[in-house]
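What follows is the residue order along each chain.
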Amino acid sequence: MVDAVLFVIVATTAVAGALGVVMARNPVYSAMGLLATMFSLAVAYVVHLAHFVAFVQVIVYAGAVMTLFLFVIMLIGVDRSEDTSESLPAQRLLVILLTGLIAGIAGILFFAVGFEWVGPDPASLSPSGTIEALSTELFAGWLLPVLSTALLLTISAVGALTLAYFRPTRRTP
Amino acid sequence: MIVTSGWYLTLAAVLFVIGAIGLLVRRNALIMFMAIELMLNAVNLTFVAAGHRIGTLDGQVAVFFVLVVAAAEVAVGLAIIVAVFRQRRTASVDELSDLRG
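So the sequence lines, in the order shown, correspond to chains A and B. So that you can map any letter, position 130 of the first sequence is 278 in our numbering, and since no number is skipped, the others follow by simple counting. So that you can map any letter, position 59 of the second sequence is 83 in our numbering, and since no number is skipped, the others follow by simple counting.
These are calculated hints, taken from the structure and not from any lab test. Be aware that a few hints might be false.
What follows is a list of derived Cβ distance ranges for each label pair [as the list claims (entries may be wrong)]: (1) A:Ala152 x B:Asp118: 17 to 27 Å; (2) B:Val117 x A:Leu246: 43 to 53 Å; (3) B:Leu120 x A:Asn174: 42 to 52 Å; (4) B:Gly79 x A:Phe203: 17 to 27 Å; (5) A:Thr302 x B:Val90: 34 to 44 Å; (6) A:Leu291 x B:Ser116: 19 to 29 Å; (7) B:Val27 x A:Leu309: 41 to 51 Å.
Partial selection, computed: residues in chain B whose CB lies under 8 Å from chain A [said to hold, decoys possible]: (8) Ile45; (9) Asn52; (10) Met56; (11) Ile60; (12) Val67; (13) Val98.
If you're wondering where the values come from, they're calculated on a predicted model, not measured in any experiment. All C-beta atoms in this analysis are idealised placements derived from N, C-alpha and C, irrespective of residue type, glycine included.
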């Protein structure tokens with residue numbers, strides 16, 4: 149019962165935040181909607197015993213990434229209203245068709261074909277994703293990918309600095 | 025009422041589709057970026073829910089890597105958006121249709 153109530157709260161917050169991202173006119177409202185979705189997903193991760201992932205979700209996504217987004221929104225300016233007219237013909241119609249197609253395929257798979265999980269339900273004895281358990285898993289089997297992520301983060305930080313630091317001379321229009 | 029993993033997988037699918045719609049409909053590069061983040065989050069939820077159901081930590085390992093790549097992507101992508109904005113005074117992707125800089 150508690151599970152169901154928690155799921156309803158998480159699902160409504162997440163979907164409302166997601167709709168806010170897509171529909172808000174002001175980019176700051178979009179960012180706030182994304183923040184709500186990320187926090188509710190962190191709750192969902194705790195439900196699935198993924199404690200470390202929930203921590204990282206709050207610290208990295210809700211903390212660092214969203215702060216970065218808000219900074220860039222501040223740099224670019226929020227007061228310019230987005231042009232809502234569509235320049236590509238039939239883009240809206242294609243979007244509706246595409247999402248209908250995806251939903252139709254998913255519905256057919258789910259209701260008509262159905263799928264079964266491999267093996268019995270071990271969710272009750274599923275391992276808890278504590279920092280210790282996850283780091284053992286990561287450093288035992290995924291050492292080289294973990295080190296590669298360090299390289300990737302360094303390269304991306306240097307790349308972002310380079311893009312931001314060297315400003316080209318403005319063209320005269 | 026028992027909450028199964030399928031409920032969370034369905035929630036993830038809904039979030040993913042909303043993100044995809046946002047990516048296709050909106051024109052502001054920042055909002056499109058946020059829609060991509062939404063889709064990444066939906067996939068992360070799928071990884072965690074499915075991994076929990078199967079009884080391994082592999083799903084959470086995958087989420088870890090997705091998170092790192094997403095952080096790197098955000099840093100570079102936002103730098104590109106700022107650089108383009110300084111050059112063109114716009115963040116709308118419709119106005120960035122020509123290839124010269």
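Here is what the structure says about each hint:
no., hint, verdict
1, A:Ala152 x B:Asp118: 17 to 27 Å, "44 Å, violated"
2, B:Val117 x A:Leu246: 43 to 53 Å, "18 Å, violated"
3, B:Leu120 x A:Asn174: 42 to 52 Å, "22 Å, violated"
4, B:Gly79 x A:Phe203: 17 to 27 Å, "22 Å, holds"
5, A:Thr302 x B:Val90: 34 to 44 Å, "19 Å, violated"
6, A:Leu291 x B:Ser116: 19 to 29 Å, "44 Å, violated"
7, B:Val27 x A:Leu309: 41 to 51 Å, "45 Å, holds"
8, Ile45, "6 Å, holds"
9, Asn52, "5 Å, holds"
10, Met56, "10 Å, violated"
11, Ile60, "11 Å, violated"
12, Val67, "11 Å, violated"
13, Val98, "5 Å, holds"
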